[in-house]
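There are 2 protein chains.
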Amino acid sequence: MDARAETRLYVEEPLAEGAAVGLDAERSHYLRTVLRLERGAQVALFNGRDGEWLARIDAIGKGWCSLAVLRRTRAQEPHPDLWLLFAPIKRARIDTVAEKASELGCSVIWPVLTRHTDVARVNLDRLRANAVEAAEQCERLSVPELREPERLDRVLAAWPAGRHLLLCAEAGNATPVAEAAARLRGAPAAVLVGPEGGFAQDELDGLRALPFVVPVGLGPRVLRADTAAIAALACWQALAGDWTTGGADERPPFRSSEQM
Amino acid sequence: MDARAETRLYVEEPLAEGAAVGLDAERSHYLRTVLRLERGAQVALFNGRDGEWLARIDAIGKGWCSLAVLRRTRAQEPHPDLWLLFAPIKRARIDTVAEKASELGCSVIWPVLTRHTDVARVNLDRLRANAVEAAEQCERLSVPELREPERLDRVLAAWPAGRHLLLCAEAGNATPVAEAAARLRGAPAAVLVGPEGGFAQDELDGLRALPFVVPVGLGPRVLRADTAAIAALACWQALAGDWTTGGADERPPFRSSEQM
Numbered sequence: 008m009d010a011r012a013e014t015r016l017y018v019e020e021p022l023a024e025g026a027a028v029g030l031d032a033e034r035s036h037y038l039r040t041v042l043r044l045e046r047g048a049q050v051a052l053f054n055g056r057d058g059e060w061l062a063r064i065d066a067i068g069k070g071w072c073s074l075a076v077l078r079r080t081r082a083q084e085p086h087p088d089l090w091l092l093f094a095p096i097k098r099a100r101i102d103t104v105a106e107k108a109s110e111l112g113c114s115v116i117w118p119v120l121t122r123h124t125d126v127a128r129v130n131l132d133r134l135r136a137n138a139v140e141a142a143e144q145c146e147r148l149s150v151p152e153l154r155e156p157e158r159l160d161r162v163l164a165a166w167p168a169g170r171h172l173l174l175c176a177e178a179g180n181a182t183p184v185a186e187a188a189a190r191l192r193g194a195p196a197a198v199l200v201g202p203e204g205g206f207a208q209d210e211l212d213g214l215r216a217l218p219f220v221v222p223v224g225l226g227p228r229v230l231r232a233d234t235a236a237i238a239a240l241a242c243w244q245a246l247a248g249d250w251t252t253g254g255a256d257e258r259p260p261f262r263s264s265e266q267m
Numbered sequence: 008m009d010a011r012a013e014t015r016l017y018v019e020e021p022l023a024e025g026a027a028v029g030l031d032a033e034r035s036h037y038l039r040t041v042l043r044l045e046r047g048a049q050v051a052l053f054n055g056r057d058g059e060w061l062a063r064i065d066a067i068g069k070g071w072c073s074l075a076v077l078r079r080t081r082a083q084e085p086h087p088d089l090w091l092l093f094a095p096i097k098r099a100r101i102d103t104v105a106e107k108a109s110e111l112g113c114s115v116i117w118p119v120l121t122r123h124t125d126v127a128r129v130n131l132d133r134l135r136a137n138a139v140e141a142a143e144q145c146e147r148l149s150v151p152e153l154r155e156p157e158r159l160d161r162v163l164a165a166w167p168a169g170r171h172l173l174l175c176a177e178a179g180n181a182t183p184v185a186e187a188a189a190r191l192r193g194a195p196a197a198v199l200v201g202p203e204g205g206f207a208q209d210e211l212d213g214l215r216a217l218p219f220v221v222p223v224g225l226g227p228r229v230l231r232a233d234t235a236a237i238a239a240l241a242c243w244q245a246l247a248g249d250w251t252t253g254g255a256d257e258r259p260p261f262r263s264s265e266q267m
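So the protein sequences, as listed, match chains U and R.
First residue of the first sequence? That's 8 in our numbering, and the numbers climb one at a time after it.
First residue of the second sequence? That's 8 in our numbering, and the numbers climb one at a time after it.
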């Protein structure tokens, strides 16, 4: 059984042997009151830069906590370079999207405003908290960046060179997502999912005219926006990302002849 | 713009020109009070056998509704033969699993009881309702069959010949899911997802010893059970199911040279 600490926390401070990290009131409360951890208990820390480190609670009180950083347990690894752009949807579903985009290894989660977006305001702090919690639980070594909502046309006008944009296409010509993802393997990518009402026709025409946009098909059924997002991200990771090698602990895969 | 009716309903009655279909109180209420449909309004009906048919509300009242079946709009098609077996999880997440398994084209959704399953009772009626509603909205021509919860060992002991079982493997040797799905293309399949606490070691050993079980890897991050289910189903559909041909309206895909 792994001796790794069960509680993983994302922090922003540098992590190095002998460093000290202080937690804010909310997180201290979480450790002390919810998890009932005491002085001496071990937690794992990561900050997206320095890998994962074992740390020990040096002192903990009402609304504060001081951690001593002990030793590194995992080296920092790069994550596949995958963004999710999506038109905001209603609360329960958008929380799920943030959580699952984090589990599925997204580096950027970006709400984009389209003609038929029917949710005007996005609670970015809450989405960020969902994404961080999911990152802690899924054992990744970074957290997604939650970007301020932006109009789709402005996002596209400033699109970084070299990044493909997989457009989850409700209708019209599209490459099956598995085929597109396999072709894009190794290159930075983004997935774009429209609102439940779909993109406006001129938005679609504009998107299809852009050289970095790849319309992808997600089968013959009409998927909800959150389903499309999760499915497209999973397919990209499975074919072009870090699911392509081995299993959860990265030992070599079974040979198929032994299995079937 | 498509003249197809916007409201789709799953019914069990046979569908044929000139047939009459009566709706139960709950559905009549839904049409009359929620959707505010009146006599003469058109809806689409499907029953999993006869395709999709246009129907007209002949009469509607408090707690009842009579529909006249007019003409067939879509022929029945077979669905990819894909089952989801999963250990029950908490309510909000299990409802999402039923909904998305339906959108992702599952023909069977089957709660299985494992050693560490922490949800004792499953509200099958509610799950079935979620699955049916999702089937209506995603425009598929059938609804998943929701099976009574069963112990995993009994499910495995009665496993139908010819069907592969993709085991979402938290650890240990596993074939990357995309590779496994591509190899299984065209064959009946099932996805098995364990509880949040994972399978017991002897359950895993037993599973891995079975010739029809294929452990599949879903990357280096630890996915929640509902995330794993949706991701595995999506990957199977994308590589072995009905996502492999064209886009939403099944026109031929873009040639890649035109696109990138």
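Honestly, I wouldn't trust all of these hints.
Copies of the same chain are indistinguishable here, so a pair counts whether it falls within one copy or spans any two.
As the list claims (entries may be wrong) - With a Cα cut of at most 25 Å, we get these calculated DMTMM-like pairs of lysine to aspartate or glutamate:
| # | residue 1 | residue 2 |
| --- | --- | --- |
| 1 | Lys-69 | Glu-186 |
| 2 | Lys-69 | Asp-57 |
| 3 | Lys-69 | Glu-157 |
| 4 | Lys-97 | Glu-186 |
| 5 | Lys-97 | Glu-177 |
| 6 | Lys-69 | Glu-155 |
| 7 | Lys-97 | Glu-140 |
| 8 | Lys-97 | Glu-210 |
| 9 | Lys-97 | Glu-146 |
| 10 | Lys-97 | Glu-13 |
| 11 | Lys-97 | Glu-20 |
| 12 | Lys-69 | Glu-143 |
| 13 | Lys-97 | Glu-45 |
| 14 | Lys-69 | Glu-45 |
| 15 | Lys-97 | Glu-24 |
If you are wondering where the hints come from, they were derived from the structure by calculation, not from laboratory data.
- prompt: Which hint numbers does the structure go against, in order from smallest to largest?
  reply: When the structure is compared with the hints, numbers 1, 2, 3, 4, 6, 11, 13, 15 turn out to be violated.
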